[in-house]
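Novice: Model the full structure from these sequences, guided by the hints.
So the sequence lines, in the order shown, correspond to chains A and B.
Each residue of the first sequence is one higher than the last, beginning at 1 in our numbering.
Each residue of the second sequence is one higher than the last, beginning at 124 in our numbering.
Honestly, the hints are just simulated from the structure, not real lab data.
Treat the hints with caution; some may be incorrect.
Said to hold, decoys possible - Distance condition first, Cα-Cα at most 27 Å in a straight line; then the derived DSS-like pairs of lysine-lysine: (1) B:Lys-483 <-> B:Lys-368; (2) B:Lys-574 <-> B:Lys-546; (3) B:Lys-360 <-> B:Lys-312; (4) B:Lys-312 <-> B:Lys-682; (5) B:Lys-243 <-> A:Lys-63; (6) B:Lys-382 <-> B:Lys-392; (7) B:Lys-217 <-> B:Lys-267; (8) B:Lys-682 <-> B:Lys-364; (9) A:Lys-71 <-> B:Lys-347; (10) B:Lys-267 <-> B:Lys-360; (11) A:Lys-71 <-> B:Lys-364; (12) B:Lys-682 <-> A:Lys-71; (13) B:Lys-211 <-> A:Lys-63; (14) B:Lys-434 <-> A:Lys-71; (15) B:Lys-547 <-> B:Lys-528; (16) B:Lys-581 <-> B:Lys-547; (17) A:Lys-106 <-> B:Lys-429; (18) B:Lys-368 <-> A:Lys-71; (19) B:Lys-607 <-> B:Lys-568; (20) B:Lys-591 <-> B:Lys-347; (21) B:Lys-547 <-> B:Lys-574; (22) B:Lys-204 <-> A:Lys-106; (23) B:Lys-558 <-> B:Lys-528; (24) B:Lys-397 <-> B:Lys-243; (25) B:Lys-558 <-> B:Lys-574; (26) B:Lys-558 <-> B:Lys-588; (27) A:Lys-71 <-> B:Lys-528; (28) B:Lys-243 <-> B:Lys-682; (29) A:Lys-63 <-> B:Lys-397; (30) A:Lys-71 <-> B:Lys-397; (31) B:Lys-558 <-> B:Lys-536; (32) B:Lys-581 <-> B:Lys-591; (33) B:Lys-546 <-> B:Lys-558; (34) B:Lys-523 <-> B:Lys-581; (35) B:Lys-217 <-> B:Lys-364.
Residue-level listing of the chains:
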Amino acid sequence: MNTNIKNKLVFALALTLLLGGLFAGGAVAADGVQLDQFHASQGVACADCHGADNQREAVPMIKCLECHDTKAVAAATADLQPTNPHDNRHFSTETDCNYCHHQHQKSENFCTPCHLRFEFVVP
Amino acid sequence: MSKEKSPEENAVDQYTANVLQNGISRRSFMSRAAVGAAAAGLGAMSLTGLTGSKAEAASVAECGEFAKSSDGGATLDFMPKPELIAEKEIASTKTFDVVVVGAGASGVPAALSAAENGAKVAVLQKQAIVVSQGNTGSGIDLAKSDKAGIEALVNRLNADSAHRCNPALVRSWAYNSGEAISWVIDRAKKGGATVVDQGTGPQHGIRGITEYPLNFVTSYFGPKPYTAGDGMRALAKTAEKAGVKFFFNMPAQQLVQEKSGRVVGVISKGRDGKYYRFMAKKGVILAAGDYQNNEAMSNYFIPDAKNFVRKQMDRTGDGFTMAFWAGGVIEPLGHTKMLHDFDAGPAAMCDMPFLAVNRKGERFVNETVAMSLMNNYLRDAENAGHYSQVFDADYMTGAKGWPGKLYSPEELKNYMPEDPSPKKGVFPSQTNTYKADTLEELAVKLECDPKTFVASVKRYNELCKAGKDDDFGKPANRLLPVEKAPFYGIHRRMRVSAITSGMLVNANHQALNADGQPINGLFIVGNMGGGFYGGVDYPLTVFGLSLGRCYTFGYLTGKHVAKL
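Specialist: As structure tokens, this is what we get:
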């Protein structure tokens, strides 16, 4: 994947997260689009994650890291209230992205039900 | 049993014999007679009760692709046989004296202890950081305790485990924990931790156990949000200075075992998908934690816990699978669980027998039942561990002298998410205490059905007035009515902190195989280690027993393996 797409992705993610922060009090997600569609719109092909033979194998987190820098993501959400989901006491900045951000189904807030009132909008 | 053996040794054999007979191992579905004959070397251990159907299980082929239940009847597909990794798939091989799997409350002390005793040590950690939960870790201050007092506590802990634990392991904690906890405190401090020894102060639960002196070393890495996790990360810094090499994002996949059965290393899988081999000249110490996040494994070994939310993440029982395929024995079904909630309201009020209602709003128990056991009344999917303690404006006088320590209405605000006061020494996302002017309003805040809740309070108040609990038999001096506004409720959520049963080990924490023989080179500590508990639930007699055992057995085992 070229650097241009990568930069665009980081920007889009940061923007979505910031919007998520703004809308955290409301119940409506900032964007109803599933991440597979979003990734596709950014030029990411199935094979980029699932391998050239398109075997639909489970995608390890390292695939996400080819484009997304966990430390940059954590910095982008540093001021998110009530807490920064990308720098936590369980995994530091290295939480498996897939816990929350699903590609082919609706994303979920993995912090709940343990953490009451950790109400994030998850793109 | 042999007449030459002391009662103590016979008790040990009872535990080990039971696990060998009923536990899960590669050989447990093979001929019981063969196991019995092999185990004869252990002493006069009788493995009777062999039935025809069990003997038939001998015909099952030696270890297929998956593990089998102890009677051979069920295939345990959550424990698949590790696939052979070809030499060319191994990206690198590094050699150490000791390889520790898991950087938590047992693994980090084990690694540091081994390094201080001269070993070259590697720690393989699944996550990107050192991870540990909880806070208090306890040991016995031997210099300030009488042996009769210590033995009285050992007896009490055996009783807490329904006498199904291995008393030798309880004694191993009892007589070494003071030294180990003091060592952890000192070494964690050197790594920059904020830690204090609280001594015997927090140990309210030991009252009445003995008339002889019994004192504690109690490590405390708090207040919240600081936990033993911060403590272990500091301890890991000290360990790094002592030469321990930490490998993060490096989950262990399988053990390297010689034909003789000796465990000589570990193969991990890096984030890059490549395999890395870590050879251990002296031994591998598994400190990989429990399996609470492995649904199939949990449902099999501890079905009671099915509907409870898990507090931890990534505890998928990898260590269990590795130890099993290396020949280890998993303790029989019905493992010990740990469920509590010290965050919703003050921990010191958790065992106070106020009116308690379940998620529907019904009174469901004699409230003198300890919080650590309450989960047993809330195992169904609807309650899923939720209950609320309910009291009224007069609780400070009405509950005076009850077990624990009362927090004033002002102090309770710290646990109320609706109160705007800044929160100190708590996890704000876990507080769950409410105040209301009417019972209906309180019911809504506690997420109970208001009608049911109000009816339960009315009935309870009648019993209080009569001074006689016809419904659950609670003593009259614990029947405190809920009449005067404002009303209070602490909504506690029992979730799984840990599962504390595991692999069969001997007093050196060395894994035993199905013949009762030590597996060379394989040691198991922390929540993966079996034999320290045996009851339905982890007891709260000694606050911090769990971390205390993890530190202590890590400390002892690191030293032991380094000296091999």
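Novice: Taking the hints in turn, state whether each one holds.
Specialist: Verification of the hints:
At most 27 Å may separate the alpha-carbon atoms for a hinted pair to count; Lys-483 of chain B and Lys-368 of chain B exceed this at roughly 52 Å. Proposed proximity of Lys-574 of chain B and Lys-546 of chain B is contradicted: the alpha carbons are some 32 Å apart, above 27 Å. Note on Lys-360 of chain B and Lys-312 of chain B: the hinted pairing holds, with a Cα-Cα distance of about 10 Å set against a maximum of 27 Å. Only pairs whose Cα atoms come within 27 Å are accepted, and Lys-312 of chain B paired with Lys-682 of chain B is accepted, the gap being roughly 20 Å.
With a C-alpha separation of about 34 Å, the suggested pair Lys-243 of chain B and Lys-63 of chain A falls outside the 27 Å cut-off, and the hint is violated. At most 27 Å may separate the alpha-carbon atoms for a hinted pair to count; Lys-382 of chain B and Lys-392 of chain B meet this at roughly 23 Å. At most 27 Å may separate the alpha-carbon atoms for a hinted pair to count; Lys-217 of chain B and Lys-267 of chain B exceed this at roughly 45 Å. At most 27 Å may separate the alpha-carbon atoms for a hinted pair to count; Lys-682 of chain B and Lys-364 of chain B meet this at roughly 17 Å.
Restraint check: the Cα-Cα separation between Lys-71 of chain A and Lys-347 of chain B comes to about 25 Å, which is no more than 27 Å; the hinted pair holds. Among the hinted pairs, Lys-267 of chain B with Lys-360 of chain B is inconsistent with the structure: their alpha-carbon atoms are about 31 Å apart, more than 27 Å. Proximity of Lys-71 of chain A to Lys-364 of chain B is assessed by CA-CA distance (about 26 Å); at most 27 Å being required, the pair is judged to hold. Between Lys-682 of chain B and Lys-71 of chain A, the direct Cα distance comes to roughly 37 Å. Violation of the 27 Å bound is thereby established for this hinted pair.
For the proposed pair Lys-211 of chain B and Lys-63 of chain A, the alpha carbon gap of about 23 Å is at most 27 Å, so the pair holds. For a cut-off of 27 Å, the pair hint linking Lys-434 of chain B to Lys-71 of chain A stands: about 25 Å separates their Cα positions. At most 27 Å may separate the alpha-carbon atoms for a hinted pair to count; Lys-547 of chain B and Lys-528 of chain B meet this at roughly 18 Å. Our distance criterion of 27 Å between C-alpha atoms is broken by Lys-581 of chain B and Lys-547 of chain B, whose separation comes to about 35 Å.
For the given pair, Lys-106 of chain A sits about 25 Å from Lys-429 of chain B by alpha-carbon distance, which is consistent with the 27 Å threshold. Among the hinted pairs, Lys-368 of chain B with Lys-71 of chain A is consistent with the structure: their alpha-carbon atoms are about 23 Å apart, no more than 27 Å. Restraint check for Lys-607 of chain B and Lys-568 of chain B: the C-alpha separation of about 18 Å stays at or below 27 Å, so the hint holds. Taking the CA atoms of Lys-591 of chain B and Lys-347 of chain B, the gap is about 40 Å. The hint is violated against a cut of 27 Å.
Restraint check for Lys-547 of chain B and Lys-574 of chain B: the C-alpha separation of about 35 Å exceeds 27 Å, so the hint is violated. Note on Lys-204 of chain B and Lys-106 of chain A: the hinted pairing is violated, with a Cα-Cα distance of about 34 Å set against a maximum of 27 Å. Of the pairs offered as hints, the one joining Lys-558 of chain B and Lys-528 of chain B holds, with about 19 Å between alpha carbons and a cut-off of 27 Å not exceeded. Among the hinted pairs, Lys-397 of chain B with Lys-243 of chain B is consistent with the structure: their alpha-carbon atoms are about 24 Å apart, no more than 27 Å.
Taking the CA atoms of Lys-558 of chain B and Lys-574 of chain B, the gap is near 18 Å; set against the 27 Å cutoff, the hint holds. For a cut-off of 27 Å, the pair hint linking Lys-558 of chain B to Lys-588 of chain B stands: about 24 Å separates their Cα positions. The straight-line distance between the Cα atoms of Lys-71 of chain A and Lys-528 of chain B is roughly 43 Å, outside the 27 Å bound, and the hint therefore fails. Using a Cα cut-off of 27 Å, the hinted pair Lys-243 of chain B and Lys-682 of chain B holds, with the two alpha carbons roughly 12 Å apart.
Among the hinted pairs, Lys-63 of chain A with Lys-397 of chain B is consistent with the structure: their alpha-carbon atoms are about 14 Å apart, no more than 27 Å. A C-alpha spacing of about 23 Å is found between Lys-71 of chain A and Lys-397 of chain B, which places the hinted pair at or below 27 Å, so the restraint holds. With a CA separation close to 9 Å, the supplied pair Lys-558 of chain B and Lys-536 of chain B stays within the 27 Å bound. Taken as a hint, the Lys-581 of chain B and Lys-591 of chain B pair is honoured in the structure, with Cα atoms around 15 Å apart against an allowance of 27 Å.
Taking the CA atoms of Lys-546 of chain B and Lys-558 of chain B, the gap is about 16 Å. The hint holds against a cut of 27 Å. The suggested pairing of Lys-523 of chain B with Lys-581 of chain B holds, with an alpha-carbon distance near 23 Å, which does not exceed 27 Å. For the given pair, Lys-217 of chain B sits about 20 Å from Lys-364 of chain B by alpha-carbon distance, which is consistent with the 27 Å threshold.
Comparing the model with each earlier hint shows violations of hints 1, 2, 5, 7, 10, 12, 16, 20, 21, 22, 27; every other hint is respected.
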